[in-house]
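S.K.: Sequence:
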Amino acid sequence: MLGFFSRQQYITNKQQHLIIFVIQVKIQSHVIKYLKSIAYNPTSLTIILGALLLLWQELQGSLSIWVQIFFAFGFVFLIGIPHRTLDIWLEQEMCKREGKAYKKWTFYVRYLFAIILFAALWWYWPTGSVFLFLLITAWHIGESDLKSPQANNMLWTLTRYSYGTMIVLWLFLGHGSQASILWASITRQDMLMMQIWLTLIASKELIIGVVCLITLFLLFLAQYKNPSSFTVRKVISLVVILVLCEYLPLLPALALYFGGWHAVNAFSDAHRYFLPEGRSINSAFQLWLHAMPITLIAVVMTLGYAYFWAAFAKSMNPIPMMYLLVMCTTFPHQWLIGHINREKIS
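The opening residue of the sequence shown carries number 1001 in my numbering; numbering runs sequentially from there.
Among the hints, a few may not be true.
In silico BS3-like links for lysine-lysine, alpha-carbon gap of 30 angstroms or less [said to hold, decoys possible]:
| id | residue 1 | residue 2 |
| --- | --- | --- |
| 1 | Lys1147 | Lys1104 |
| 2 | Lys1100 | Lys1147 |
| 3 | Lys1234 | Lys1204 |
| 4 | Lys1147 | Lys1096 |
| 5 | Lys1147 | Lys1225 |
| 6 | Lys1147 | Lys1103 |
| 7 | Lys1234 | Lys1147 |
| 8 | Lys1204 | Lys1147 |
Distance windows between CB atoms, simulated [unchecked claim]:
| id | residue 1 | residue 2 | range |
| --- | --- | --- | --- |
| 9 | Tyr1307 | Asn1226 | 44 to 54 angstroms |
| 10 | Asn1226 | Ala1310 | 50 to 60 angstroms |
| 11 | Met1154 | Met1316 | 14 to 24 angstroms |
| 12 | Ala1101 | Thr1302 | 25 to 35 angstroms |
| 13 | Gly1209 | Lys1104 | 40 to 50 angstroms |
| 14 | Tyr1307 | Phe1220 | 46 to 56 angstroms |
| 15 | Lys1100 | Ser1180 | 37 to 47 angstroms |
| 16 | Phe1220 | Met1316 | 43 to 53 angstroms |
| 17 | Leu1112 | Trp1309 | 36 to 46 angstroms |
| 18 | Tyr1108 | Ile1207 | 32 to 42 angstroms |
| 19 | Val1243 | Val1326 | 36 to 46 angstroms |
It should be emphasised that the hints constitute simulated quantities derived from the structure, not laboratory data. Idealized CB from N, CA, C, for every residue including glycine.
Using the sequences and the hints given, assemble the complete structure.
M.R.: And the structure:
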């Protein structure tokens, strides 16, 4: 009798272990499936992180500045800088396809020229430099997100600019009071900039609404004249990210859009650009690893600047220097990506 019960208990334990094993296998398969889905649609991870940050904000009442900095610089270091470091290889590949000799020195001269030009503009006319930066950013956003159209005509050019302007206004004018502090720091409290910005803030709902309507009208018109493929999933992802940005502070909102949307999509585009030539880079992750050495150098330099500021220059405002760094690298990057996009369309 005891042997019978022992045997039954053995069978029961064996069944339990089998059930636990099956559950573990199913959990692992679901995790792997989910990780693969993130690899094919990385913006889903952006949405999850943004939603978690918003939930944290609701539970805590607000986000501390250190949480905002950690969130923002996480995007900057993990995807923002890597997508910019690909420029040198993208230009090399572009020259190869065009049958031109690649000259690395021209790449660095372009960046040096941008640094001198925009630094001088900021020093002598800070307000003009800010508006020029916003115009370049608006065009770059429009050209990056609406790059699929096969027609490169005036209508699509206007649509891209309107779309980019809509995004810029949504992010900066939507966080008007926080952006005011940013512009005051960058322009050294220039009265003209503050007057213009406060005037825009006073009618921000109207301005954003009108630009959104104009953009939608132009999109429908351009789509009617020159049909282009848009995936519903990407449109929904963009809308969700923009809604999350609206309810988050300015710093994480900028990180969420420019890092979690713009840089992620730009990185995917760069990966696809290399594929037709049969490169040894087999995956986007390997391409990301390829960009890590330069990224780590940029990270070390940024941390070094932060240490220098904290130790020796606390009285100095660090924001203008960060702004100049972003602005001076945006123009050469935009020129290269624009050239590649026009090459694809032509």
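S.K.: If a hint holds in the structure, say so; if it doesn't, say that too.
M.R.: So, going through the hints one by one against the coordinates:
{"no.": "1", "hint": "Lys1147 <-> Lys1104", "in the structure": "27 angstroms, holds"}
{"no.": "2", "hint": "Lys1100 <-> Lys1147", "in the structure": "24 angstroms, holds"}
{"no.": "3", "hint": "Lys1234 <-> Lys1204", "in the structure": "27 angstroms, holds"}
{"no.": "4", "hint": "Lys1147 <-> Lys1096", "in the structure": "22 angstroms, holds"}
{"no.": "5", "hint": "Lys1147 <-> Lys1225", "in the structure": "16 angstroms, holds"}
{"no.": "6", "hint": "Lys1147 <-> Lys1103", "in the structure": "27 angstroms, holds"}
{"no.": "7", "hint": "Lys1234 <-> Lys1147", "in the structure": "14 angstroms, holds"}
{"no.": "8", "hint": "Lys1204 <-> Lys1147", "in the structure": "28 angstroms, holds"}
{"no.": "9", "hint": "Tyr1307 <-> Asn1226: 44 to 54 angstroms", "in the structure": "52 angstroms, holds"}
{"no.": "10", "hint": "Asn1226 <-> Ala1310: 50 to 60 angstroms", "in the structure": "53 angstroms, holds"}
{"no.": "11", "hint": "Met1154 <-> Met1316: 14 to 24 angstroms", "in the structure": "45 angstroms, violated"}
{"no.": "12", "hint": "Ala1101 <-> Thr1302: 25 to 35 angstroms", "in the structure": "34 angstroms, holds"}
{"no.": "13", "hint": "Gly1209 <-> Lys1104: 40 to 50 angstroms", "in the structure": "47 angstroms, holds"}
{"no.": "14", "hint": "Tyr1307 <-> Phe1220: 46 to 56 angstroms", "in the structure": "51 angstroms, holds"}
{"no.": "15", "hint": "Lys1100 <-> Ser1180: 37 to 47 angstroms", "in the structure": "46 angstroms, holds"}
{"no.": "16", "hint": "Phe1220 <-> Met1316: 43 to 53 angstroms", "in the structure": "49 angstroms, holds"}
{"no.": "17", "hint": "Leu1112 <-> Trp1309: 36 to 46 angstroms", "in the structure": "24 angstroms, violated"}
{"no.": "18", "hint": "Tyr1108 <-> Ile1207: 32 to 42 angstroms", "in the structure": "39 angstroms, holds"}
{"no.": "19", "hint": "Val1243 <-> Val1326: 36 to 46 angstroms", "in the structure": "25 angstroms, violated"}
Checked against the numbered hints above, the structure breaks hints 11, 17 and 19 and satisfies the rest.
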